[in-house]
Structure formats: structure tokens, C-alpha cells
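Position in the sequence shown counted from 1, then plus 29, gives you our numbering.
Wrong hints could be hidden among the right ones.
With a cut-off of at most 30 Å between alpha-carbon atoms, the simulated DSS-like pairs for lysine-lysine come out as follows [to be verified]:
(1) 104 <-> 60
(2) 67 <-> 87
(3) 60 <-> 226
(4) 394 <-> 367
(5) 285 <-> 67
(6) 60 <-> 87
(7) 60 <-> 110
(8) 110 <-> 226
(9) 394 <-> 365
(10) 87 <-> 110
(11) 87 <-> 104
(12) 285 <-> 367
(13) 226 <-> 67
(14) 110 <-> 67
(15) 104 <-> 119
(16) 82 <-> 110
(17) 60 <-> 82
(18) 104 <-> 67
(19) 82 <-> 104
(20) 365 <-> 285
(21) 394 <-> 110
Restraint ranges, calculated between C-beta atoms of paired labels, are given here [claimed, not checked]:
(22) 471 <-> 227: 47 to 57 Å
(23) 236 <-> 450: 52 to 62 Å
(24) 292 <-> 417: 25 to 35 Å
(25) 279 <-> 215: 21 to 31 Å
(26) 81 <-> 379: 39 to 49 Å
(27) 214 <-> 450: 48 to 58 Å
(28) 214 <-> 87: 12 to 22 Å
(29) 212 <-> 387: 12 to 22 Å
(30) 117 <-> 382: 29 to 39 Å
(31) 78 <-> 110: 42 to 52 Å
(32) 346 <-> 85: 53 to 63 Å
Keep in mind the hints are simulated off the structure, nothing from the lab.
By construction, the Cβ of each residue, glycine as well, lies at the ideal position given by its N, Cα and C atoms.
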Amino acid sequence: MASPPTFLSSLPTSVYTQGGSSRVEVADCSKREFTDQKRQEMSVAEFISYWLKLSSEKDGSVLCNNENESLLYLKDWHFVKEFPDYVAYKTPPFFADDWLNLYLDNHLMHRDTDIYCDKNESNCADYRFVYMGPKGTWTPLHADVFRSYSWSANVCGRKLWLFLPPSLCHLVFDRHFRSSVYNIYDDVSETQFPGFKKTIWLECTQEQNEIIFVPSGWYHQVHNLEDTISINHNWFNAYNLSWVWNLLLRDYTVAKEYIEDIRNICDDFEGLCQRNLAANTGMNFYDFIIFITRFTLSSIIQLFHLIHEDGSINSSLTRSNHFITNLTSIRSVASKMKSAEAFAEENLNSSCSVENRTAFSNVQKIFEEQEFRDLCSALKVAYESINVQSEKDSEPKNTLFCQDCFKIDSSSLDSIMSLISEIRGPEDLVGLIDCVMEITNSNSCNINFPCDVEHFIV
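Starting from the given sequences, assemble the full structure and let the hints guide the process.
Dropping the structure here:
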């Protein structure tokens, strides 16, 4: 192995000066624990010391998944969230339409006090990670969280990726579709996984300074061929939002089946299902409707602002298409959500907490929240960076709202509420989006605004 190790020169100075005391999860690649590798917690400084010691002892002959020796891999370090003032990198513009991380920069994933806990919220703080591991470390076969997109950039080192497209993913599951293959290089049981021999894998070697994009639903296994440091983001937006809902619905069905036998003796069966879903999947139905409600309102505000600013949707078609696409996608997903038991009136009254219900239903309160304004601002900046990525001397504005003048007088508020009303569930989101689309389509050349958006948008 090179001396000094190559990875040392690739580490930002802040890793030593600021990040050394950070507590991170480290996977032992030689030990399996349930469906993942066994994890332990240590400081970044402790991990780097381990890596340096390993580097001095080994001659580079470490094999992947060596059963006789622990091989540690630092995963899922929330570096950006921990050090927001240290801009180690900027997200490439073509990955900037990132609803998941824009939302988590300003909101908690869970609002219920019985779901929230420090560890939970640390794990849900964002989905922007640093991975650091010596040669031979690896990640077992999996599909990404929420069935999101992901991108992975190699700061240094090389990775071997093995991909399986969604059309073949059923082949890595057991007969009951409950468990999947852990390591494709294992002697996989044909009895347990009868379809595995029919899989066709796509292989890709990722070099230093290269980025890999992983589409939604693609199972993949990854091996570090050299000492490697990478940046990894999970994200979703209008184009894969349906994947998120489909996963939530599937995992909810499984969670409900597990406890179906106690339905008649459980005081809040639906609430228990939602709590289990949040614990198992990272989000439940109520978290999700809060999420899409806020992107609906943000997209509507900014769409109306563009039309008001330019006088016609046609004169700002490129920019407005972002928000039209957002609303179209959300409408499609919300239409599927309407039949979910969680949104039946009796369950909203008994299983949905006051915090959750207020967070998606009280439009006036949403507009007054600083976190919502910050989300709108961040979303606008993200789309501006996408629109001007080829114009190197064009800089996106920093804010959408005038933070000091975001005050809605009673007449403007009445106008907004006459259009938006109270959002009682997915059906109201569908109705709201239909109303907005009708307004934009019928008045594309001369919008008759239902509310004075200029009053609260700069």
C-alpha cells in the first residue's frame, strides 16, 4: 500500500480540525447482523487511526469479505449537516432538484413526539453522506432508501458496482418476497432463492473523480477496489415520487399484516401501523403528506410568481415547467393516496396527531412558518442553478422571499384561503392542483390571480 496512504491527501483539513470528534457508524464488512453488516460507533479520529494502522500492516492483499478479520467501513457520515458552514463541495446542478434534502434542511422528518428521538432524528437529519473505507470494504446488495435516486462521487479510490434492473429484482427475493440475497458472491441457496441463477448483472468500475447515478429501484452491490473516499446523496423529486409512495404502501401493508391479529384489541391500530412504518421505512403516511403538501404550496406560489412577473406562462416556460411538473407528479400520487385507510376521517381524528394534522392542513400557519419560507427560497435557488448551469457568469439569487416583509394582510389571506381552503387530506391536494392547472391553462396570457402573490413574494 502506498506510503503515506493516498486517502490522507484526499481528506479535507476540516476532517482533522473539526470532524475528528464526530461520532459515526462504522460497518464491519466481515460480520453480518440481520440484513446488514454489524455496526459500531466510534469517532472519526478513531476510524482514521484504525485505517492508518491497517495501512501500515497490510501489503494491499486484503480480500473482499474476509471472514477471518474485521474490515471496517465508515458509512453514512452526515458531514454536510454537521458542518454547514464548511462548504466541502457543491451539488452538481443536474442533481440539484433534490426535494428530500432541501426539505430536511428546514424540517424534521417526524413531528410526533412518540416517534421523535435523538437517534432517530440524527439518522433522518439528511441523506448526504461521506463514505470512507480501505480496500476490500463493501456494501451488501440493496435498493436505496425510499427507492430514491442516488449519486456517488469518488473523491479518491475505485469502486466496483454490480447493478440489477428493476425488471429482474424479483429474482433476488425468496419465495415469500420477504428477504433478499445478502451477497451475490456467496453460495446462494437455490432452495431459498430459486430465481437467483436467472439474474443478469451489469458491472461498472468507477474511477477517481467519477460520479455514478443510480436510478430508483435498481438493486446494487458495491466493493472498494482501493482505499476509497466518496460522497453519496439520496434524493427524490417529481420524477420518482411515485416510487416513494409505492414503497410506503408496500411496507405499510407488510407492517399491518404482522399485527393484524391484534386489531380488535388495539386502541389505535392505525396509529400503531404508522409508528411501525416510520420505524421500519423512515417515513409514514402522515410524514409523507406533510412533505408533498409543502412542495405543492411552494410550487404554486412560485408558479404564480413567474406568471405575474412575466405576464404570461409562455414567456417563462422553461422555469414554469419545473413547477408544473412538480404539481402534475404530486397530483398523480395524491390520487393514489385517497383510498388509504390512514386518511379516512375516523383515522385522521384518532390516529393522526395534532402536530401532524396541523402541519398539512393549516395553510395559513404553513405560510407563516420560517421553515416553509426557507424551503421555498431553497427550491427557487435550486431551479435557478439548473436553468443557468450553462451560463457560468450567471449567479442565482439567494432568496425568494423578503424575510422582513412576509406579512399577509387580511385581504390577501382571504384570497389565498378561498383557493387553498383547508387541506383535509390527499383529495384536497388533488382539487387544489386541478384548480391551479385550470387557472394557468385558461389564463396563460393574462392571469387573473386568485391571490395577490406579489404581496408576499419579492
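*In ascending order, which of the hints set out earlier in this document are inconsistent with the structure?*
Of the numbered hints given earlier, those the structure breaks are 8, 10, 24, 26, 29, 31, listed in rising order.
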